[in-house]
Amino acid sequence: MCVAMPGRVLTVENGIARVEFDGNIIEARADLTRVAPGDRVLVHAGLIIQKLSATEAEEMDAIFADLREIMEKPDEDR
Amino acid sequence: MKTADLIAILSAYNGRLLTFMEVCGTHTAAISECGIPSLLPPTIRLISGPGCPVCVTVSAYIDRLIELATTENTCVVSFGDLLRVKGSRGDLRSAVGARVEMIYTPFKALELAESDPDTTFVFAAVGFETTAPIYALLAEQIIARGIKNLKLLTALKTMPAVIRTLCAGENAIDGFIAPGHVATVTGSALFGKLARETGKPFAVAGFTAPSLLAAILALTRSAGKASLFNFYPSAVTEEGNAEALTRVDRYFEPCTASWRGLGAIPHSGLRLRDEFAHLDAGSHGLTEDHIPAGCHCGEVIAGRSRPCDCPMFGKDCTPESPFGACMVSMEGACYHHFINDKH
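For the protein sequence lines, the chains are L and A, in the order given.
Those letters in the first sequence? Residues 121 to 198, per the working numbering, in order.
Those letters in the second sequence? Residues 156 to 498, per the working numbering, in order.
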């Protein structure tokens, strides 16, 4: 039920955004986030719950950078 | 480092047995669909916890929905998953004379109510912190538009108290894959606080294989230590969505909630504040939980049993003919174990 999908905002009018997901377009409420056309957003059950701050590729880079740091720390428990 | 390196490092782990719990139905689905358990060594065990809102809903709530749906001039509006969950006397889908509308977004209920003023519509408001802001906005819209024939039957749950309960129980949980979309709303700081309180590591994860594997590796490296990681940084900030939290706080207050398999847990739910009680369709006191004889859903939700430990699993209980809620829901542990792991 907590499924949320990333999409891209096409338009915003009167608090309602039109959001595209791989060619499909749905309407989502934008009451809780400041969004503009072109923004990548996370939509849950018809509500934008967050504006995404990075692309998937950028997120992967951040994840692996964090992991490198974790792996370089001494492993005290093993 | 690449995903293949992550898998290689995890595969080589040969330390003590570690058990990590995910508490998000969408994680349950993603972990299963990505085949992540098959990539892990026998020394790393993943278990599903109470993260599927449909699965944790007690039978008294379903019974109340059926009662409302079969009342004259009343219609229950719900997400699809809830329709096949059994109460003590059957489910909403097969209840004789029940009037039910299935929707994708709760906001659709506003249009339904406005277009049919002679019917009272009741929204089945289940969910966790991710969905609570939607119900707050729904309440706001009901009031703003002057709609008198739309109410909420709430069974809203929140994560912190149930996680504390799980940590205080008999389960040997070495760390938590923290729910990505709950954290999108609440912020990661909430799970940092839980890490400090419980002395366990928490890794917020997204819903891709690399993000989930990164979370598992970080938990493996940090087992036994209070730590917080965020592997869903594009959506999850430390503070979360402040506007969403403000709206939820305006309309709801913490309450004791009843969880299938775990019983009543203080401060683990949300109910409409007294000033908005006129929007409530009778949510109080729905605590009884009738679990059919032989069904292990309660044990599975609490992380005490695996789906395949249930004697009904795959025999009397399948996705086509589900007996327990964990087999009904597309976020249920049994459903995914059946679809992706067992068969």
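Worth double-checking, as some hints may not be accurate.
Unchecked claim - Here are the simulated DMTMM-like pairs of lysine to aspartate or glutamate, each with C-alpha atoms no more than 25 Å apart in a straight line:
no., chain 1, residue 1, chain 2, residue 2
1, A, K380, L, E178
2, A, K348, A, D273
3, A, K157, L, E178
4, A, K348, L, D186
5, L, K171, L, E140
6, L, K193, A, D160
7, L, K171, A, E394
These are calculated hints, taken from the structure and not from any lab test.
Structure-based check of each hint:
The hinted pair formed by A/K380 and L/E178 fails the criterion: a straight-line CA distance of about 29 Å is larger than 25 Å. Of the pairs offered as hints, the one joining A/K348 and A/D273 is violated, with about 48 Å between alpha carbons and a cut-off of 25 Å exceeded. Among the hinted pairs, A/K157 with L/E178 is consistent with the structure: their alpha-carbon atoms are about 14 Å apart, no more than 25 Å. At most 25 Å may separate the alpha-carbon atoms for a hinted pair to count; A/K348 and L/D186 meet this at roughly 20 Å.
At most 25 Å may separate the alpha-carbon atoms for a hinted pair to count; L/K171 and L/E140 meet this at roughly 14 Å. A C-alpha spacing of about 17 Å is found between L/K193 and A/D160, which places the hinted pair at or below 25 Å, so the restraint holds. A C-alpha spacing of about 14 Å is found between L/K171 and A/E394, which places the hinted pair at or below 25 Å, so the restraint holds.
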